[in-house]
Each structure stands twice: as structure tokens, then as C-alpha cells.
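Participant: Sequence:
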Amino acid sequence: MTPEDLEQINAIVTAAEQRTASAIAAAIVASEQRTASAIGAAIVASEQRLIGRQERGIEAIAAEFSEMTRRFDLVDKRFDSVDRRLERVENQMHYLTLQNAGMSKSLTDAERLDTATAATLSAQQKAIDDLYHQIAELKRQRPQQQ
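Position in the sequence shown (from 1) plus 952 gives the number in this note's numbering.
If you're looking for bench data, these hints aren't it; they were derived computationally from the structure.
You can trust all of the hints, since none of them are fake.
Have a look at the derived ranges for each label pair, beta carbon to beta carbon:
1. Glu1016 x Ala978: 53 to 63 Å
2. Arg1036 x Glu1011: 32 to 42 Å
3. Arg1030 x Ala1070: 48 to 58 Å
4. Leu1026 x Thr987: 55 to 65 Å
5. Arg971 x Glu1011: 56 to 66 Å
6. Leu1083 x Leu1050: 46 to 56 Å
7. Ala1070 x Leu1050: 25 to 35 Å
8. Lys1078 x Arg1040: 47 to 57 Å
9. Arg1030 x Ala1071: 55 to 65 Å
10. Gly1054 x Lys1029: 32 to 42 Å
11. Ala988 x Arg1023: 49 to 59 Å
Just so it is clear, CB atoms sit at the ideal spot from N, CA and C, and this is done for glycine as well.
Using the sequences provided together with the hints, build the complete structure.
Facilitator: Structure (C-alpha cells):
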């Protein structure tokens, strides 16, 4: 082989290498573009799914807040009802306290009268007993005088 043949072979191999390198570079660029496009599409799809989930989550939270508000309103109404009942009970207790105070005063007055009556009866009984003893003494002394 001659140097010219070697140069031609070298030129052919170099040209083949350049074509192969260009083809590989083009294939890599195309692959990168397809990969980037696929990744971009996957990201967009994931974002859309995520947005959908977030929107459903927000709607669920809003529904729960509405339900909680409704329940709090019911509890508030019950508290109002209990408050009114407690006010009535308080008024009744105040009335009963006043009645109790009046009854206590009446009982105290009655006890005082009972004590006074008992003392009077005791004094009367003592006076009757004293009179009885005096009469008995007088009767005993009288037959002796006859």
C-alpha cells in the first residue's frame, strides 16, 4: 500500500468518524429533546394531578369548616337554651332561699313561743304544785286544831 492509499483510507475513516460523531451527536440531541419533552410532560401531568388533589382537599376542608360552623351554631343554641334554663333555676333557687329564710324565721318565732309557753306551763305547774302542797299542809294543820 502506498502512502496515497493510506491517506485515502485515513480520509475515509476520518469522514466516517465525523459522520458517526455527527449522527451520534444528533441522536443524543434528539434523545435529550425527547427526554426533556417527556419529563416536561410528566411534570405538567404531575402538577395537574397535584393541583386537582389540592383543589379537592381545599373543597373538603371548606366543607368540613362549613360542617363545623353548623355544629358550633347548634352547640351555641344549646348553650343559649342551657343558659336560659340556668337563669330560671337561679330565680327558683333565689325564691326557695327567700322561702327558706321566711320559714326559718317562722320556726324561730314558733320555737320562741313554744319555749315561752313551756316556761309558762312549767311555772303554772309549779304554782299549782305549790298551792297543792300549801293546801295539803293547811289540811294537815286543821285537823290538829280541832
